[in-house]
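**Student:** What follows is the residue order along each chain.
Number of protein chains: 2
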Amino acid sequence: MEIILDEGAGFCFGVERALKMTEEVARATQERVYTIGPLIHNPQVIEELKGEGVEVVGEDADVHNAVSILRTHGVAPAAEQRLRSESKKVIDATCPYVKKSHQYAELLRKEDYHILIVGDRNHPEIKGVLGYAGKRVTVINTPEEADTMPHYPKLGVIIQTTYPIEKVQKILAKLVGRITEIRVFNTICDYTSDRQIAAANIARKVQLMYVIGGRNSANTSKLVEICKQQGTITRLIEVAEEIDESDLDNVERVGITAGASTPEVRISAVISRLEQIASARVTH
Amino acid sequence: MEIILDEGAGFCFGVERALKMTEEVARATQERVYTIGPLIHNPQVIEELKGEGVEVVGEDADVHNAVSILRTHGVAPAAEQRLRSESKKVIDATCPYVKKSHQYAELLRKEDYHILIVGDRNHPEIKGVLGYAGKRVTVINTPEEADTMPHYPKLGVIIQTTYPIEKVQKILAKLVGRITEIRVFNTICDYTSDRQIAAANIARKVQLMYVIGGRNSANTSKLVEICKQQGTITRLIEVAEEIDESDLDNVERVGITAGASTPEVRISAVISRLEQIASARVTH
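Residue numbers (the working numbering), protein chains in the order written: chain L, 1 to 284; chain B, 1 to 284.
Hints are computed from structural coordinates only; laboratory data are not their basis. Small disclaimer: the values here were computed from a predicted structure and weren't measured. Any given hint could turn out to be false.
To be verified - Simulated pairs of lysine-lysine, BS3-like, Cα-Cα distance not exceeding 30 angstroms: (1) B:K135 <-> B:K110; (2) B:K20 <-> B:K100; (3) L:K154 <-> B:K154; (4) B:K228 <-> B:K205; (5) L:K154 <-> B:K205; (6) B:K100 <-> L:K110; (7) B:K110 <-> L:K110; (8) L:K99 <-> B:K110.
Unchecked claim - Beta-carbon label-pair distances, calculated as ranges: (9) B:K205 <-> L:R253: 48 to 54 angstroms; (10) B:T142 <-> L:E48: 50 to 56 angstroms; (11) B:K89 <-> L:K100: 48 to 54 angstroms; (12) L:G177 <-> B:N250: 35 to 41 angstroms; (13) L:E225 <-> B:N250: 51 to 57 angstroms; (14) L:E144 <-> B:S279: 48 to 54 angstroms; (15) L:E144 <-> B:T142: 27 to 33 angstroms.
To be verified - Covered by chain B, according to a simulated footprint, are these stretches of chain L (three or more residues, beta-carbon under 8 angstroms): (16) 168-174; (17) 182-188.
Think of the CB as a built atom: it goes at the ideal place given N, C-alpha and C, for glycine as much as any other residue.
Just chain L, with the same shape it has in the complex (with noise of 0.2 angstroms):
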């Protein structure tokens, strides 16, 4: 059996640079610690993160005397100055990239432009976005959705980072005739759409794609869903206990990805694993 691995899966640079932060300032505190919502879309980091003395919290929560975290998502304006008021410290995880995707909005608001964001209304980075975009906005999810816009005669256009490039081509090929300007700020970030070509290439030349990373996670999801258009089974798993051996079964290559919040760690357990069921087959 041959193993395909896509070679830049693993944690992305918002996800380091966001756990580096929080270890640091775990350490070196004698308060507590408390990230508002997880910090990111990992069930096993967070627990380990916990076991570290980092607290997952709510957003109204009550947090004087704790330092708050903002997650890698980002957080909307509002909770972000009672954190600031009411926290002994703040510290800024948010995803460089999401904080971007901020200030565009902000300045489209500032610009009069009716705001659409494409991307998934229920995902904190879009919760987070909307807050900075003010009243005048439209969230959308999918190309079909484009359809019964109204006009605007300003449209500004900000897109989930993990949105998958395709589908905004899509949405402006429906938007671009009947709209006076589009302003559109590309805010999918290069690590995501990379993974999911690299993602997309690896599925097309395997039976069976193993797309490693938590069931919360947006980018994740997006990989599997790329995967399975290709037309290969696609199992998404946490850990690799999860995989199920019988899912092998005459299957000659095996293809390798994992979400932008899947430590390393757990992507070498799974190739050990198979590794391991292909010996055994070998053997027998």
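Add chain B to chain L, keeping to what the hints say.
**Tutor:** Relative to chain L, chain B alone:
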């Protein structure tokens, strides 16, 4: 033989406005009346205007003591400035849609965008827009040309008023993944896109299509291109006399459309000629 006519074909708003302004000034003034380049792209109409004392001159012509008319396609600001300082009077017959493109080009230049003009660099409309766009500018006429464009952090897009929207969609799809900010002003005029849609619909229903318009007219050429794309034999004619009877052998349904500079009288003449041919055949 059935004749299917695009009922909306004929003079567009900008052409009608320009002709009215020109005829009025020609009647009212004692001075020479010049249009800087042909007022519209229809040789027969230009010939008729000559009979009313309106002469076509080049951009460098001596205009002292003359009334200078800025053509529907617009002129670059430097040329306009000279005309305004030297002419007895200037009549601005620039199409209001083209004027919008000038304003957008100026705005994008002032806000430090690299400007992408989508259209034909040899067309007078684009030459005029280029004058407002300044030096940081690229002109492309096909989606393929977008492939070789370098990255710009801020790209502002202006489109030739007669350009087909389908090609703009393809160009945007190629650029959006590579460029951080794209600001698109959809400067395609509604009249043009309505004619293009109607022409395609009619062409699909007929065996032979006549497009009536000037051989130097960009919007007329686009109509010919679109009709041919439907797999329909298409003839570009300026006047009814150009109809080749043998083209109509075994043709049951013939379609007619016309460019934005084509007078209604030319369209009627084509219909009359076709009806004449058809009735002669029935009698025969």
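**Student:** Taking 51 to 57 angstroms as the hint, is the beta-carbon distance of E225 of chain L and N250 of chain B inside that range?
**Tutor:** holds, 53 angstroms
**Student:** Has the hinted range 35 to 41 angstroms been met by the Cβ atoms of G177 of chain L and N250 of chain B?
**Tutor:** At roughly 37 angstroms between Cβ atoms, N250 of chain B and G177 of chain L fall inside 35 to 41 angstroms, so the hint holds.
**Student:** Within a Cα-Cα threshold of 30 angstroms, do K99 of chain L and K110 of chain B meet the stated pairing?
**Tutor:** holds, 27 angstroms
**Student:** When you check the alpha-carbon spacing of K228 of chain B and K205 of chain B, does it fall within 30 angstroms?
**Tutor:** holds, 13 angstroms
**Student:** For the range 50 to 56 angstroms, tell me whether the beta carbons of T142 of chain B and E48 of chain L fit it or not.
**Tutor:** Holds, since T142 of chain B and E48 of chain L (Cβ atoms, about 54 angstroms apart) stay within the stated range.
**Student:** Using the beta carbons of K205 of chain B and R253 of chain L, state whether their distance is inside 48 to 54 angstroms or not.
**Tutor:** Given a distance of about 51 angstroms, which is inside 48 to 54 angstroms, the answer is holds.
**Student:** Could you check the hint for me, namely that E144 of chain L and T142 of chain B are 27 to 33 angstroms apart, CB to CB?
**Tutor:** 29 angstroms Cβ-Cβ, so the 27 to 33 angstroms window holds.
**Student:** Could you tell me whether the CB distance from K89 of chain B to K100 of chain L stays inside 48 to 54 angstroms?
**Tutor:** holds, 52 angstroms
**Student:** Taken at face value, is the distance from the CA of K110 of chain B to the CA of K135 of chain B at most 30 angstroms?
**Tutor:** holds, 12 angstroms
**Student:** If you look at each residue in the segment 182-188 of chain L, do at least three have a Cβ nearer than 8 angstroms to any Cβ of chain B?
**Tutor:** holds (count 6)
**Student:** Run the distance test for K154 of chain L versus K154 of chain B: straight-line Cα separation, threshold 30 angstroms.
**Tutor:** It holds: about 17 angstroms lies between the C-alpha atoms, which stays within 30 angstroms.
**Student:** Does the structure keep K110 of chain B and K110 of chain L at a Cα separation of 30 angstroms or less?
**Tutor:** holds, 18 angstroms
In terms of the numbered hints stated before, the structure departs from hint 5 and from no other.
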